[in-house]
Amino acid sequence: MITSTGWIIITAILAASSCALVGTFLVLRKMSLMGDAISHAVLPGIVLAFLLTASRNTFPMLIGAGIFGLFTVWLTEELSKKGRIFHDASMGIVFTTLFAIGVIIISLFAANVDIDQECVLYGEIAYVPWDLWVWRGTNMGPRPVWILSMVLVINISFITLMYKELKTYSFSPQLAATLGLPVGLIHYGLMGTVSFTTIASFESVGAILVVALLIVPPATAYLLTDRLHRLLLLAVLFGITSAVGGYYMALWINSSIAGAIAVVNGMQFALVFILAPRYGLLGRKLAGRRVNKYEPGKYEPGLISHPEPEDLR
Amino acid sequence: METLIEFFSLQDPNIRYVLAGTILLGVSAGALGCFAILRRRALVGDAVAHAILPGVCLAFIFAGGKDPFMLILGAFIFGLLSMATMDFISRNSRIAPDASIGMVLSVFFGLGVVLLTFIQTTGFVDQSGLDDFLFGQAAAMVGDDVLVFGGLSALILVITIIVFKELKLVSFDPSFAQSIGYPVKRIEFLLALLMVLVITAGIQAVGVVLMASMLIIPAAAARYWTDSLRVMLLIAAGVGALSGVTGSFISYTAPAMPTGPWMVVSAAFVFFLSFLLAPGRGEISRYFQKRKLSRRVACENILKTLYSMEEEDGRTDRVRPGKELRKRRHLTRRTMKQVLSSLLRRKLVTYYGGTPDGYLLTPDGRKEAKRLVRVHRLWEQYLSQHLQIAEDHVHEDAESMEHLITSEIEEQLRTSLGSPELDPHKSRIPYDTEDNEPSTSNSDEKARKDKGGSPGYKPGGKSGMIQGGKSGNRAGKKGKGGAS
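As they're listed, the protein sequences go chains A and B.
Under our numbering, the residue at position 124 of the first sequence is numbered 124, and the numbers go up by one with no gaps.
Under our numbering, the residue at position 460 of the second sequence is numbered 1460, and the numbers go up by one with no gaps.
In isolation and in its complexed conformation, chain B is listed as follows (with noise of 0.2 Å):
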């Protein structure tokens, strides 16, 4: 604790130093990181954090020392061309962009060695640093590095949020800016040289070999949070900052620590929060989204058979016993049960309590399920009259798309087919006004003289119970496509 208020009283200047330069790191890094990942270019950072090592050793050989500013301009040309180098291989050849992007970081580097080696063979004076170069040492990091190095990301930030709307739209549908006149290349170069710019001010604080991740886990952890690409370049940023607040803390209550590697365990740690939290995206949030899903099919297939029982035998007062929808559906004693009460609990379908005791569709219930059966015959009606499928192999499909059609693809189907009667199998498609058909009605008049043989049916009280369910029903919502 005691550490912990030192630390952030920021009275050692040293730490002012090492903590603000590790936070411009974080959140220029963080930002562009985003596009990098968006144009799916993640991995081109590290390559470009690989292919600047020979940079920074020739401007080490050409300044005879540790010149940050010729260090950087050093590893900035390197950074360039190992870009372009890439860039111009994918182009011009049948290698892949991956292939061209793993030999460039690895004929760079080791490009790199053999000039890092010659140095400390010729035995200049003053180069050990070099080494930091490789796995950066942001506790190193003095008032001038970080003067230069946060100038940088300043600039990278400024760069960013000026020209954020056409970094936005080549990063998204490059083609799409071409067509109304952006300058497509030079934003893409203008993005190339930001990312460049980035990777130059980085490896200082955690050098070469990790520098790519801190491009690319803050973008991706932020993916998860948002679809503004606004509010994933903030949150990009924010995670970028935390982990490089976080590395350096580490790195100042345990010295040998290396701030570098501990930036990236952090923004990893984030990464792994975010990819079980966050809300929608998350893996926590989209186990329970499809057991909602998965509870709501098997609903509607409930729904399903009931309707299709009555359509079985023409009539809508038998009571269904609980074993044969089971049967049916082939469901566990247990989902059967969550379930039903489910059914029950919105008022689409009633429960019968004598013998045999069992279920009934409420008006409501067979509203819904007619709408089901209904996209269900009009999906097969559609498969087999304009794709041209087989009839026996719609079925599976259709089985699947009748819980995912809306009202309005409901609609455009029943346009494009002109509302036929019969479906592929020759079986009636049920529409909302057959309510009133004098079909239904006669099965109701049966169903009426039927009522004293027929022990499941008791009017009274049961049956306001079966027309009083209005509320959670979608059928009414969504299918007004019904009366036309």
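The following block holds chain A by itself, in its conformation from the complex (with noise of 0.2 Å):
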């Protein structure tokens, strides 16, 4: 039997897995902030899903969320076209301007509705173990847990299935455009998994966890390798390790769960910036006084041998 010590904690290293893989591309396309976009401009669509149901039955929600999401998405990159507006203005605008709508509506119903927006922000994971699903008269164990999995899996399957495409993609979409791969399908797939990502997690853990999950363990991981590959299995660690650390931060200063693994990524963060080997800081210091110690004949010409014209001939 598991503890809800340990629901909680696989909660949180379901959510910071799921983050990390999406999340890794997300900073990799340089959209980072698409997350925290979605995030916030999917409460009116929980809140809609809340009271059309009349019941905080989760799969309405989410997919009620899932909808905004896709729609913040697609509203931000025509405004930013038919608009002309910079990319992250008009995301501003959207967002935002969806977020105010959702607690406008919550404050309309506000009688009936028993979500607030502090619990959209800052989640409750510390009330997973009681979220059960009750399936048949069987107890079946926490529902977001089950939700994460199922979300895990599908971006495990995403990006192993897409890899070589996401990789192209998220290196360089007019290479991927020209070797004619469906550059659009690859973009609303990984905005898709973001969205759905990001709603499952929230739930749980809360819009700014979310955008930390997403953000900053692949952020750390990019300061350590050059490989696609190495770069999502260290953001999954990075994820995972911040997630522990922060369920026993939070049961030792007595803080909200959330915060503390955000405060457990931002310091993994500090530290890999510091001493990470080449793009660290250290690393960078290193680098320049090596260039710096240049010895003249050191490097002299002759070291590598330059065809003379004869040899062109």
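Everything labelled a hint here was simulated from the structure, so no lab data went into it.
No residue lacks a Cβ here, since even glycine has one placed at the ideal position from N, Cα and C.
Everything hinted at is true.
Here are the simulated DSS-like pairs of lysine-lysine, each with C-alpha atoms no more than 25 Å apart in a straight line: (1) B:K1185 - B:K1168; (2) A:K167 - A:K30; (3) A:K82 - B:K1292; (4) B:K1292 - A:K81; (5) B:K1337 - B:K1292; (6) B:K1290 - B:K1337; (7) A:K82 - B:K1290; (8) A:K285 - B:K1185; (9) A:K81 - B:K1290.
Per the computed footprint, the stretches of chain B lying under chain A, defined by three or more beta-carbons under 8 Å from a beta-carbon of chain A, are: (10) 1083 to 1097; (11) 1109 to 1118.
Put the complex together from the two separate chains, hints included.
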């Protein structure tokens, strides 16, 4: 039997791994803030699903949120293309407006909505063990664990199936387009998985932590490696360790688990940022010194033999 | 209506406070947001707004309560710290700016949440108001708050006006500013300082999450209406103020309604209207511009087709049946009708109603058609000569460029190519001087001889009409490059 501590840690680990996997591509594609936008913009979807079904049933909420997640992505792009404004500004317009609409709907029906904005922002990972899924009278364990496992499976299969395409796309969409890869499909597939990951995770860990889990572990890993598969593995590793570390830190100082996980994420990044051998602060300093130690004569021509004009003839 | 009068009579001091606070916030955030948008830093504001939370919490812990000055100080310090961190990360590593924004946002906010829960569990008295910082509580603003936040906003506005020129230059072209000796680093720091100040002032009213929108949305809306930064700043400030009024009015009439989100929604509404209606940049006006352009292109294509038919059989007097024109240009019957009636109105073609009926170029129309063919062929020649593009690849490009080349560009093309005789496909490039050249008069001779046999040409009234058209001829105005 798994204790409630166990369930919380499992939930956090599942959320962290799914987020790290898709977050890697967001960071590489320089679209990191899409996760932030989606996690805020789905609020009206969740509230509407809640009002329409009059229950806290998760699946309608996931669907409502999923629709609004993809809607956000689409609207951001359309607005920046048609309205000719920078992508980041159009994202800012779309997600804040949708979030504001969500808050307004909540206040309209404040009497019969028992979700509040704070819950959306911080999430309630501590209550995960009590959010049980009872199926035909059998206790199947916490519902978020099931949902997050499903999302993780989807993410892993999406990435393994589309690995090559995603790789090309995330380093150079232009190249991917020239090679005839279905760029639009890859883009919306990625955005779709980002939406579902964000939504599934933020129900338990909150909007802001989703952003932390999406961006910080991949960015940390990005300072350590140049290879995509290592990047993915390292990102997941950082995600999982921060989830576990954050839980115990929260236990220790008696605070919000989600917040503590984000703080641990930040500490991991700070450490790697300073110590990373090649791309860290120290590594760069050392590399700079190596260059400064240039000794005349050491790199004189002759080390590399230049072909003489005669050889060319 | 009564509530409206009641609201705007400003009898209730509370309304005065709230209104003053939200308007000042809207104005200062709107104005500063313009710089954020132009420098592509729209979401930095979002990150700073989130990152302020731990500062507020720490100030609360140190002051032991809600002291507005301490809270602002804490918020201000953390706002600057977060900006510095973002800058430091993206400057000293290969992490892209967007990722560093996201990291600072989430990690700082996570720290804030940890501190917030710490405060809540340690059981500080009077901690309830801290939540207001997350979602804003403009309605709860009292005299002191308005004084503090209003003072901040006023300060921001004054500074912005004083250093407007410097801010403008640094926003548009920092390297130029650097090169003429402006202290770019210091100006950028000042801008960051102002940004942090306005966010600090704003979170009280609209909250952490929605603060970014008060920076972005009014500025983005203002961008549609003008190309001048000064005007854009004014409009953005106006939109900000308007959304402040709307937000406070709605939350006054329905007290359950939150002010901040309504401010955002009304600003977004104004943005949407600007997006649709703004002259020049708005969607509707762009639709009409596009339609106008495509009409013009269609007209020009018909003129060109008529001219190339003349070129093929060397006769300027033969009527060209509408059916054939339509077949050559692949136009629908309807567009064809519109295009031809526009050409007839501008007296660039004439209609001959005999059998077979059809159309003829007027001299003005021919001049314009010649100009089009000329720039088309000049462009082709330019592409193949200067850019070494294969001859069979230049036509497509010239097909679209011919509608866009102005007389100045035409002049330049001619100078750089030395007024060539032939294009890469060995077709003659028609210049305006050829009007009096023997080759043309020869064909005129021929035409005159053929007159009797040709069913399509009736001298007299018709020819007067042919020569009559002068108005609305672009070639007349722009074609001065022709006779050199």
